[in-house]
Amino acid sequence: MDDRSFVAAQDFLLSSKTFWTKQIYEDLKRIYEDAVARSGETPTTPADVAAILEGDTLYRYFAWLERHLQRLKYAGRYGLVPYHDERRSVLAPPLRDTGAELSPTLEMPSYYRRVDIHQHPGGVFSDELDGYVYERGARSTTPLMGASHADLHHRFTDLVAAQDAERVLYGRILDMGCGFGKSTQPFHEAYPDARIDAIDLSGPCLALAAHQAPSRSSSKVRFRQMNACATDYEPDCFDLVTSTMLVHELPPGEIEKLFAEAARILAPGGRMVHLDFHAIDGPFARFMHYGHGLRNNEPFMQPWAEMDIHASLSDKGFTNINVIPFQEAEGVDLKNHAAWRFPWTVIQAELKTGG
Amino acid sequence: MRISDSLILDRPEQTFFADPALDRAFGVVMALATEVYVQRDRVRALERKLEAAGIIDRADMDREPSEDERQANAEDREAFVEGLMINLLGKQQAKGAS
Numbered sequence: 087m088d089d090r091s092f093v094a095a096q097d098f099l100l101s102s103k104t105f106w107t108k109q110i111y112e113d114l115k116r117i118y119e120d121a122v123a124r125s126g127e128t129p130t131t132p133a134d135v136a137a138i139l140e141g142d143t144l145y146r147y148f149a150w151l152e153r154h155l156q157r158l159k160y161a162g163r164y165g166l167v168p169y170h171d172e173r174r175s176v177l178a179p180p181l182r183d184t185g186a187e188l189s190p191t192l193e194m195p196s197y198y199r200r201v202d203i204h205q206h207p208g209g210v211f212s213d214e215l216d217g218y219v220y221e222r223g224a225r226s227t228t229p230l231m232g233a234s235h236a237d238l239h240h241r242f243t244d245l246v247a248a249q250d251a252e253r254v255l256y257g258r259i260l261d262m263g264c265g266f267g268k269s270t271q272p273f274h275e276a277y278p279d280a281r282i283d284a285i286d287l288s289g290p291c292l293a294l295a296a297h298q299a300p301s302r303s304s305s306k307v308r309f310r311q312m313n314a315c316a317t318d319y320e321p322d323c324f325d326l327v328t329s330t331m332l333v334h335e336l337p338p339g340e341i342e343k344l345f346a347e348a349a350r351i352l353a354p355g356g357r358m359v360h361l362d363f364h365a366i367d368g369p370f371a372r373f374m375h376y377g378h379g380l381r382n383n384e385p386f387m388q389p390w391a392e393m394d395i396h397a398s399l400s401d402k403g404f405t406n407i408n409v410i411p412f413q414e415a416e417g418v419d420l421k422n423h424a425a426w427r428f429p430w431t432v433i434q435a436e437l438k439t440g441g
Numbered sequence: 760m761r762i763s764d765s766l767i768l769d770r771p772e773q774t775f776f777a778d779p780a781l782d783r784a785f786g787v788v789m790a791l792a793t794e795v796y797v798q799r800d801r802v803r804a805l806e807r808k809l810e811a812a813g814i815i816d817r818a819d820m821d822r823e824p825s826e827d828e829r830q831a832n833a834e835d836r837e838a839f840v841e842g843l844m845i846n847l848l849g850k851q852q853a854k855g856a857s
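From first to last, the protein sequence lines stand for chains A and H.
Using this note's numbering, you'd call the opening residue of the first sequence number 87 and step up by one each time.
Using this note's numbering, you'd call the opening residue of the second sequence number 760 and step up by one each time.
Certain hints may be false.
What the hints assert, rightly or not - Pair by pair, the computed Cβ-Cβ distance ranges are:
1. H:771 <-> A:393: 22 to 30 Å
2. A:396 <-> H:788: 42 to 50 Å
3. H:807 <-> A:346: 54 to 62 Å
Said to hold, decoys possible - Stretch-level coverage of chain A by chain H, calculated; a stretch enters the list once three of its residues show a Cβ under 8 Å from a Cβ in chain H:
4. 305 to 317
5. 323 to 336
Unchecked claim - A few chain H residues that don't get close to chain A, going by computed Cβ distances all over 12 Å:
6. 761
7. 765
8. 773
9. 798
10. 810
11. 812
12. 819
13. 822
14. 830
15. 837
16. 839
17. 841
18. 844
19. 845
20. 848
21. 856
Hint data in this document are derived by calculation from the structure and do not stem from the laboratory.
We put the beta carbon where it would ideally sit given N, CA and C, even for glycine.
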């Protein structure tokens, strides 16, 4: 396919997703609120919302579009996968010698192999071009943010750094589930003297991260293929462990391992900060978010959203645990947002000194 | 790579309508809509190139067509509409076995 046709098709799909994000979502919310007002009963659970909406025609189109616009984006005739596949001979060779520390024998966990995350055919780990596909796809994950999607990572890093005004606390940083490096670079910019290790299960994503990193020549940043739930690091060797949009992709048992591993490798008093989806305001938003997880092939959204984070982290020696809604862009009203949005949340905690 | 290369054979289809036929038909609609937009984008690109080369005047092209031009297009337009709408009549065009 030619580049013009690919871009036109992807733009069309993105505009359709934007219409879905605003007009269809807003109408659906109105239908729901009108139904609640008529019934006089206040829904308290996602099941209550489902009883109201699941038979509604607009909801059916909402759900269909959520699943199939993503399918067309990745695997349609003008999809990300065939587009990059046709350019393999140009795109692949530079990814084969990037400095990323890959472990070709690393076993991919069953949950990772079993479901093609985000409807990315084959997942993000099975083809050497998967990093490119994921990177291009991520540009339009949040239609209303457009080009400012990258700002999200800087906003997150700024939030973390704001609690360390002198930039002295974090000399050793671990970025878990770094993907193609979108979250790593802002930390490197905020902490240019820190040693940053960025790890991920996906070799193709790490290769792209290392290939594209402006800091490629820097000895401060390493991209390493590893399972964040079972790393090869010695105890007490990081001051900050962070992740961005990783935790919700893990089944509950793996999340427990992830937190335990963070506790093991953090120095006493070290901090763990994750940007993810967790603080969900009300049954309507919860119903929408759980549905998104199922339709977008992210099956652990619900168990993660219902997990008792405080209990889990306390058990592992963390203290000062905070779970706070995160404003992903300037001007977003976290309580009264008219358009569809992810329930962005920051989860942060400190490892007890001597814990 | 063919689209069929990515078909998953061992997972059930996610459906959202009472009749799965509508799920699939709407997939056809969206695939066609994507093609239409790709063609529309190409025509506009072509018009820009032709105008830049001094071959066409886009403002002239955008003007309402003359009655003569509309009439000249009428036969083609009616054939197009018939081909589209005749499907709604539910009539056979070859004798079916019964």
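Structure-based check of all given hints:
In this structure the supplied range 22 to 30 Å holds for residue 771 of chain H paired with residue 393 of chain A, their Cβ-Cβ distance being about 27 Å. Take residue 396 of chain A and residue 788 of chain H: their Cβ atoms lie about 47 Å apart, and the range 42 to 50 Å holds. Checked against the given bound of 54 to 62 Å, the beta carbons of residue 807 of chain H and residue 346 of chain A, roughly 59 Å apart, stay inside it. Under the rule that three or more residues need a Cβ within less than 8 Å of chain H, the assignment of the region 305 to 317 of chain A is violated, with 0 such residues.
Requiring three or more residues with a Cβ within less than 8 Å of a Cβ of chain H, the coverage given for the region 323 to 336 of chain A is violated, as only 0 such residues are present. For residue 761 of chain H, the shortest C-beta to C-beta distance to chain A comes to about 8 Å, within the 12 Å cut-off, and the non-interface label is violated. The beta carbon of residue 765 of chain H sits about 4 Å from the closest Cβ of chain A, which is not more than 12 Å, so the claim that it is off the interface is violated. With a cut of 12 Å on Cβ distances, residue 773 of chain H falls inside the contact zone with chain A, its closest approach being about 6 Å.
The beta carbon of residue 798 of chain H is not kept farther than 12 Å from every beta carbon of chain A, the shortest such distance being approximately 9 Å. With a closest Cβ-Cβ approach of about 17 Å to chain A, residue 810 of chain H is found to remain outside the 12 Å limit, as its non-interface label requires. The claim that residue 812 of chain H lies off the interface holds: its Cβ sits roughly 18 Å from the closest Cβ of chain A, which is beyond the 12 Å cut-off. Separation of residue 819 of chain H from chain A is adequate, the least Cβ-Cβ distance of about 25 Å exceeding the 12 Å criterion.
The claim that residue 822 of chain H lies off the interface holds: its Cβ sits roughly 26 Å from the closest Cβ of chain A, which is beyond the 12 Å cut-off. For residue 830 of chain H, the shortest C-beta to C-beta distance to chain A comes to about 33 Å, beyond the 12 Å cut-off, and the non-interface label holds. Under the 12 Å C-beta cut-off, the non-interface status given to residue 837 of chain H relative to chain A holds; the minimum distance is some 29 Å. With 12 Å as the threshold on Cβ separation, the claim that residue 839 of chain H sits away from chain A holds: the shortest Cβ distance comes to roughly 23 Å.
With a least beta-carbon separation of about 28 Å from chain A, residue 841 of chain H lies farther than 12 Å from that chain, consistent with its non-interface assignment. At the 12 Å boundary, the C-beta of residue 844 of chain H stays outside the reach of chain A, the nearest C-beta of that chain being 24 Å off. Residue 845 of chain H, annotated as away from the interface, keeps every beta carbon of chain A farther than 12 Å; the closest lies near 27 Å. In this structure residue 848 of chain H is separated from chain A by more than 12 Å, as the shortest Cβ-Cβ distance comes to about 26 Å.
Consistency note on residue 856 of chain H: stated as away from chain A, and its beta-carbon is indeed over 12 Å from all of that chain's, at 35 Å minimum.
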